[in-house]
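Build the complex from these two chains, which are given one at a time in their own frames, with help from the hints.
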Amino acid sequence: MKKRCLSLLLLAGLLCAVLSGCGDSSTAETPESRAAANTIVVGIAQDLDNSLDPHKTVKAGTREVMFNVFEGLMKPTPEGDLTPAIASDYQVSEDRLTYTFTLRDGVKFHNGDTVTAEDAVYSIQRCAAATETGIVPVEAFSNITDIQAPDASTVVITLAQPDNEFLSYMTTAVLPADYDQQDTDPVGTGPFKFVSRAAQDSIVLKKFDEYWGTPAQLDQVTFKIIENADSLLMSLQSGAIDLCAHLTSTQVAQLGEDFDVAEGTMNLVQALYLNNAVAPFDNELVRQALCYAIDKKNILDLAFDGYGSLIGSSMYPAFGKYFDESLTDYYPHDTEKAKELLAQAGYPDGFSMTITVPSNYKPHMDTAQVLVQQLAEVGITAEIQAVEWESWVSDAYTNRQFQSTVVGVDASNMTARALLERFTSTADNNFINYSNADYDALFAQAQATADDAEQTALYKEMEKNLTEHAANVYIQDLADLVAVRKGLEGVTFYPIYVLDLSGIHYTA
Amino acid sequence: MKYAAKRIAMLLFTMVIVSLLAFVAFDVISGDPATAMLGTQATPERVAELRAELGLDRPLLVRYGEWLLGFFTGNLGISYSYHQPVWELIAPKVGVTLCLSLLSFVLIAVISVPLGVRSATRRSQGILSGAETLFNQLCMAVPPFFTAILLTFCFSTVLRWFVHGSFPGLGSDFFGSLRYLLFAAVSIAIPRIAMTVRMLRSTIADELGKDYVRTAISRGNDRSGVLRRHVLKNSLVPVVTFLAQTMAEIVAGSIVVEQAFAIPGLGRMLVASIGSRDYPVVQAIIVILAFWVVLAGTVADLINQRIDPRLRLGGGAS
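These protein sequences, in sequence, are chains A and B. Letter 422 of the first sequence, counting from 1, is numbered 422 in the numbering used here, and no numbers are missing. Letter 241 of the second sequence, counting from 1, is numbered 241 in the numbering used here, and no numbers are missing.
If we strip away everything but chain B, and leave its shape as in the complex, we get (with noise of 0.2 angstroms):
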């Protein structure tokens, strides 16, 4: 239990570091909202007069501090753009993103996780072996976006087994739009995919290598019991973080797939506002996805720590 509030404490300090990190940093780069919102009518007295309207000529901790309150009371702004609530203007989106993103990660544990085990307990010889490394590079290299256009080509423009830039809204259509993630959510997970069953390969064969695998074989325990009971557990703690960082590596993939498949999304929404410089709706982007992730983190080691009891903080044996 005091586990668990440390742990909660700690999300709400990297959130906290996060949100802050993202407002120096916007005010360090070139560019500012009243310039970007006025275009090419902005003059020196029309963009002086807009940013005290926004209250950007007040210094940065204020405006920081502001926020802050803000987003502690539920308040997170009107956006620079669109004159509308942030909340309101991005929370049809967090159930896209989100949806894309588990999806995504349930591809990746069950296909990853029974394929690494496999390739680890029978091991493939001579040219086999080497169809499967190449096989398994050649996932881990291409870029998401290409197998975006790839999938597009082949399950759109040829198969026609989804219209490419007609998604319909989980509102809408929900399992009309799960069809349509699961593109997207494919070109994301293939390269998360071959890098985890090259990992799940590598640790189990070091595991199967130890020597209490081989007094229990030897001891008559049957190979498969030994796998099941054994080594797999003892396998797990690297996979589940690896997993977990994975899905940091999800939520920044889903940023370039989003655009590629033209799904309304977080990562889409985050990257136009950048180029725009709505502020409050970068910000709050940030933080949902800075929590995500650093969520994901923290599932992991309460599931780890369930794995092997020895990674609990401050319970004496280390």
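Chain A on its own, in the form it takes in the complex (with noise of 0.2 angstroms):
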């Protein structure tokens, strides 16, 4: 007995030897050591489980973190400007129908190739032409009538339509006309190139040293995929990811004193989401009814903190040039109002509706348990109906098969079209079946114009459409929480949805 007691007792202390002691000193990573090597690793709730060719990128995961990869002509800035990127310099006809870019002189691609005139018309024709599967094609370019280079260093458009938006769509990837790995192995002009993907486990980025402007700081960037929120709050306590966006407020609220909180966007327009098609919300009044029973105020209180910006319509602050600020309070929190509006819809008592949403976004769920009570109060019953988010996509938005729902809708790229041609009655992705003849008309008109204030000022009327007719009840553009540890900054925020990485560097 003695014996085994004695046995017992040697087994758990080498145990316990083998759990402290050894690989302490081999290759353990720790935030120290990482900041000696200039590198960092930053997590991600979402793998890059798609193509990474840029063409083919519907995932704002993915994109987010490709941004880095990859340049077009132009390339946005955090303030919603475009500069030019791989184009030094461009020109625009008298008649706003010709665009002459020059390219800047010796831009690389990551695999040693300099870009010429080529490539730039081998991608705007890609995505344009959209010939090959799973390419994402622009609708803007089927106004392109003509594209050529004349020489090795110089791009002309011409249209046929003036398009103001135009340039914002040359932030298209430029992409090496003659390779065509960019699925598996992708090939850019960004700060930083590609190095390896491992499903569910990592991408690794590693910085370009012959990029053309400033060069990253950082020498390498792993992004860990960590889906589950729990085991991604405590690899970064453990010292695991130095940096991780998109946390929630509870979230940040457990970091403890390693970490620096960065506050920015999500830039999404986070509504409850109804199906204008659909009864009772095919009538305006409820609609109205259901916006003034909701307090977008408390909603931001009692499920993100207080963090938030509310809005009023499809617009987010951070497009500074487009927001209406007075449409956020057009409705105001009144719940006598919701309910006389209801009982002249002929819903004296109120009504049963069904709110979708996609469970994967704890965001959208706490908003929507918010709803749910909010809407009792005016004699609404709701009840939540949680899908995976395939599911959602789609029923809910490709097959519009919804009553109401809570998602936040984001823009594909730095345009005010982006956020509002959904809504026009014939466009494919108007999930919420809005259909209203000024507001088509006004959308055209804007395409129309040539001069930018007065296009500016229709889109502002646009919204001010959507709000006046109660198309959606609009919350709020979620606070985009970023944790960085103490020791490093540089995080820069943008009204699109990505994430920078080429300013973040180390202080010490």
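None of these hints come from the bench; they were simulated from the model.
Pairs of lysine to any residue residues, derived as SDA-like cross-links and limited to a Cα-Cα distance of at most 20 angstroms, are as follows:
| no. | chain 1 | residue 1 | chain 2 | residue 2 |
| --- | --- | --- | --- | --- |
| 1 | B | K233 | B | I217 |
| 2 | B | K2 | B | I307 |
| 3 | A | K59 | B | Q84 |
| 4 | A | K486 | B | T157 |
| 5 | B | K210 | B | N234 |
| 6 | A | K59 | B | Q41 |
| 7 | A | K297 | A | T265 |
| 8 | A | K59 | B | L50 |
| 9 | A | K321 | A | T456 |
| 10 | A | K59 | B | V271 |
Next comes the structure, spelled out in structure tokens:
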């Protein structure tokens, strides 16, 4: 008996020694060792589980990471403007139909080849034609009648109709014309080059030494995929990751003192989207009643610890130029008014409704829960139907089989059009079935006008139209909380969903 | 020999059935890889086009036949999501999940067998026995994901024995990886250990009450000798079967625990591929896991036969 006890004790001791001892001196990574090597590990909740070809990317999470790898002739700035990237300069003709881009000298692809006008022509044509399966067609490119490369550093594009926003589509990534491995081994011109991807594990980017502009300050960035929220938080605390965006206010509160928190916006239009073709939401009075019934401020306080920016239409504040602040309080919280409108619409005792929510998005689930309570106050019985994201996309979004849903809609590029065109009655992606003749006319006018100020005014009119007719119950643009390990700085926020790594650096 | 051939045929048959079931299941549930891949950019034409390119517009049995043929010729297909050969994607993960399962299994076997024997032969009395049962129940009830959070808090956040979220990878640091996996294995093992102990205790206690034991002891054999030579051997058959079933539970548990510990294994990959409807990957992983589980069952049967020759199939005596 004594012998057995002794051997058990020895075994336990050995186990402890193995656990605590070995490996400590080996390759175990620490924040300190990464600082010394000038690398960081970034935690992301979504894998880049699709083609890495930028022309095929539909997932915002993939675009966010690959923003560091690809560039177009132009690229977006944090202020929401455009700046020449691969092009050094451009001219627009008097009639606004011809764009002439001059390429920057000696811009290199990550594979060492020099970017030529031919590559730019190839890239734009590839997106315009979209003949290869999987390529996301750029609608605005159907306006191109001719695209030429008169010499190795000039690209001339001719349009059928003037388009004030055409330049913003020139952020389309320029890819080498004679390269066919973009799906798995992408090559671009950005400050970081792609090194490797391990499914459901990590993505590695390395500094591109021959970058034409301000070089990246970090030597290497590893994206670690951790989809479990608890695990993500523990990885921050344990020192496995240095930077993580899109955290919730609850997570931020648990971070501890090793981290600074940078606050930006997610650049999403979060709303209770209403299917305007389905009863009772085909009735404008009902939609307006819902707008009055909802207390947006209360949602932020209850579900987001007060973080977030309130909105009143399909536009978020980061788009300073197009954002109309007066619309935010168009429908003040007023339960009496809501009941009155419901009675007028023929629902004096309220009704029952279903809110479809993609269950993997916690902020939307939390919002829906508060909505259910607020709607109950005016006699509406709302029920949450949690669905998988894939089912949401196919049933609610593509087939428009839903009554109401809480999601965030983002802009695929930096134009007001990207947010507003979807509500024109004929748009493919008009998933709420909004149909308003005035709105369609305003959009047509905005597209036809030459003057930028006039166009901006028209876009604001469109936003107002959405608010007045209560197309949806607009709530907020979610706060983007980024945890950054102390000693690191340089996080920049953009009005689009990207994570720019080029400015991030160690302070010491 | 004939028996082994029979078992291998059974194994193959089971795997074919499992893969067919998986195929059919994904045909029935809602969601479609083409829509999943195109996301919010899906239009009916583009979905139809992509479905045609992926070959999803053909009948189920044709697709299954093709997959089966590919499988037996070593071609698992190309992942819809990653555009990479499936085997290339999952090969590094097979090793990780294998190590995790084996570690958990070893922990269960090494800890529960001596504990079970001890608790059956040296019954504690009164309050101690109550405490033992309570502790056992508690261990059984605690779900692995909760143990995972607890272990991480104790050993990563406080003691810093491992860095949660930085699994080094079997290729780059084998022992470091094993160390990381050990914590995950513990959280899988705890409830199974409790169950195995309880099972062993009741089996051995039953056996100890039998006539032959009384006879053997009354003939003057010493107690521990009888226990070792007769009782243990006779109690082993149900325990080995139970441990084989445990293998299936471990595989299921690893899916949860891999997520909780951020381990890049097959379980996480399986969940993600089901979400994105990446059929080729799902199929491959399901077949691998099925193989693993069925293999454990087969090995258990073979061991049991050595212990108890009566179990041999077609061996006359039944």
